[in-house]
Amino acid sequence: MIRRRALLALGAVVLLALAGPLLPPYPLTLVTQALVVAILAMSLDVLLGYTGLPSLGHAAYWGVGAYAVALLATERGVGLAGCAVAGILLAAATAAVFGLVAIRAAGTYFLMITLALGMVVWGLAFRWVSLTKGDNGISGVPRPELFASPLPFFYFALAAAALAWIALGLLVASPFGLTLRGIRESESRMRSLGYNVWLHKYLAFVISGAAAGGGGVLWAYYNGFVSPTDVQLVTSVEALLMVALGGPGTLAGPVVGAGVIVFLKNFVSLYTKRWLLILGAVYIGVILFAPRGVVGALRGRARG
Amino acid sequence: MSRPDFWVIQTFNGLSYGALLFLLASGLSLIFGVMRIVNLAHGSYFMLGGYVGLTIALRSRSFVAALLGGAVAVALIGMGMERLFLRRLKGHTLGQVLMTVGFALIFQDLALLVWGGDPYSIPVPAALARSFTVSGMVFSGYRLFLIALAAAVAAGLWWLLDRTRVGALVRAAVDDAEMAQGVGINVPRASLGVFALGAALAALGGVAGGGFLGVYPGTDFEVLPYAFVVVIVGGLGSLPGAIVGSVLVGLLDNFGKALFPELSYFTLFAPMALILAVRPTGLFGRA
Amino acid sequence: MADDVLRLEGVAKHFGGLRAVDGVSLSVRAGERRALIGPNGAGKTTLFNLVAGTLPVTEGTIRLFGANVTGAPPHRRAALGLARTFQITNLFLGLTVLENCLLAVQALTPTRFSMLRPVGGYPALHDRARAILAAVGLMGVDGAVVANLSHGEQRQLEIALALAGKPRLVLLDEPTAGLSPAESRLMADLLAGLDPAITVLMIEHDMDIALALASRVTVLHQGRVIADGSRDEIRSDPQVREIYLGV
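Chains as they are written, first to last, in this note's numbering: chain A, 667 to 970; chain B, -14 to 272; chain C, 1075 to 1321.
For reference, chain A alone in the conformation it holds in the complex (with noise of 0.2 Å):
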């Protein structure tokens, strides 16, 4: 069964790599933008679809990643590396932190305390002007000069995207990963098998939140600018749409889901200013009458 999924998935990565060239500027970007926040509905995916743990805080550590090459870059004329080290690397230390405070609460309490954490790195980005130019900003990112222009750079987000996919891919199929849906499915069960289910969530959440700053520095380098935006509560509720939509605990779904809200999402704006309005009807439709998502669902019936 993996083998059918890692066929599939190359053959979408080299019919993305092939219609690459062929697409004209604006669906280029979108389809760049679709593949970075792809990442970041992976990494939720981990964390919701696999573990069962449903956060609305996740945009912060995606922003974290931002934040950390916009500053870093902009300030300090630091390259592409040592940036995209610096992202996750911090990305994952504040995942570190909280999942210290988050991963003792289950269920709601876990919902409310990763909304507040997001909220959190929310507050500093907008407040903490000095360091982060606060409501402003933070623009003029320059791209790496191999990947400057639009094409070289959708290689490299397909590259990077497909780099995220394998990697999270082993891990969910990975004992670990095993670990993970079992204390999804349930937690005393686990526990009475003999493993140390806090110890258990506490990783995937900083994998997660390691994956998620990944996504954030690509992003950072895509749009060139980050503010607060980034990292608020909005953000985190598209995200875990995504995964809602795609398909939790399946990670190609989140990966459709992510391509569904980012075009949606153009195409709505080019008509109406209301897009909150229409993202929030489509999450009360999917909740109703999609619960699996899209992917979900198709394999649930592949299943039989």
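Think of the hints as simulated: they come from the structure by calculation, not from any bench. For clarity, every value in this text was computed on a predicted model and none was experimentally measured. There may be inaccurate statements among the hints.
[Unchecked claim] Non-contacting residues of chain A with respect to chain C, defined by C-beta distances greater than 12 Å in every case (computed): (1) G686; (2) G835; (3) R847; (4) R855; (5) R857; (6) I873; (7) V926; (8) W941.
[As the list claims (entries may be wrong)] With beta-carbon atoms standing in for the labels, derived distance ranges: (9) A:L681 with B:G101: 41 to 49 Å; (10) B:F245 with A:L766: 21 to 29 Å; (11) B:L69 with A:L674: 35 to 43 Å; (12) B:E247 with A:A747: 29 to 37 Å.
Every residue, glycine too, gets a C-beta built ideally from N, C-alpha and C.
With chain A held as given, fit chains B and C onto it using these hints.
Chains B and C only, in chain A's frame:
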């Protein structure tokens, strides 16, 4: 301003902010107590209450009408949400919570559509806008009104839950919904009623807050984490918890803003983390 | 004394005013087959939860294989060699039978932290999991999702998960709960065929099965031990007969 004056005034301000938070958080806590879901549209109730109250205040020139009208309007919205949407997902708490997120987004955009992006202030009666001086310190009359309002509501809630038959039914439903249904208590109707009450309380807070902080886009998500920290610290489903939590958070936030303005939400995070480290279900909470 | 696998001393559990377990002392020796019986509400499952660590004791000490585990969390006790089944089936419903068993097999091994290779790449794990499933008679359904299994098959899987980690002491909480007479007989055969080196403490409502499988019986009533002895001693104990007259 002299040192002791600073502390007295800040404490007073913190208490008045706590009063506002109590109106907001008590509803959230109640709803969780009966339905076991966290309503992420609760901040939206606060905001919508403020906006509706604004419109009523401007049209009718009556602050009381604004308070009541805002509360009733949002209570109806809340009941609609529960009866028509949330109830369809009975038993799927995560799905219900996510659904409330969808509503929060819809409400936010609708408010923007109807009232626009400019901030407004709800006109308050002159009697409340007065300030008074006590031993050289100037206190805002409106803040005192907020404290009095919250205290009255707290007393009313306590009386309702502890002393009336309706309250006993609600408490039974909170303790054990299945058992309550088994002894003939109409739990769905109790849930609907509690939801309406919770929404009304949040809206009341929104109107009261509107005369003081103003009404503007974004209050919904700005105020939500405060409500969360209050119920996390105080414990979900507990009225004493909501009271203690609101006072604590109000004071902490006020002093935090006064002493370390750049750190904002950070002053909430530290005590929340500390309390959770010791008691994962909050000070008065049940799992 | 030295080879007491389990020793409880004055263990009590109070829920407010309710004394669910009220000063229980007992010891189980290595290799014993002990049945814990008593009417509903006697405190049997609560006692199991105390021994397993899912509930903290109000008073008393619990010793597992000589070590004081009174404050230890469940996973620590499992690492010492304790396993349990649940009265209300507690399986990983969304996963397959094989995956359930793999989780049990890898639980106390470092493999559970491996993140870089798919689970399929650990043949030793798979072999052991399949062996356990074969031992309990579930070989044909290893690819089935547990939610789709019959109740009887789920109860078999419960046992499989408990045995997978090579435990030294197994707590069986009503292993025949909800089973048909035919299924109960199969379960009884399975339990009779367990490795004699494993110590078994079992809660069983069905007196016949309990007395058939166990060599010693402890009788619990209102949270207290009222009789503790061999099968025959219990069978002829007047107090026990009185309590069970109504059952």
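Now the hints, each set against the structure:
1. G686: Since the minimum Cβ distance to chain C is about 30 Å, G686 (chain A) lies beyond 12 Å and the statement holds.
2. G835: Answer for G835 (chain A): violated, closest chain C Cβ roughly 9 Å.
3. R847: 6 Å, violated
4. R855: 5 Å, violated
5. R857: 4 Å, violated
6. I873: Not fine: 8 Å to the nearest Cβ puts I873 (chain A) too close to chain C.
7. V926: 25 Å, holds
8. W941: 34 Å, holds
9. A:L681 with B:G101: 41 to 49 Å: Holds, at about 45 Å.
10. B:F245 with A:L766: 21 to 29 Å: 22 Å, holds
11. B:L69 with A:L674: 35 to 43 Å: 40 Å, holds
12. B:E247 with A:A747: 29 to 37 Å: 31 Å, holds
This entry does not satisfy hints 2, 3, 4, 5, 6, going by the numbered hints stated previously.
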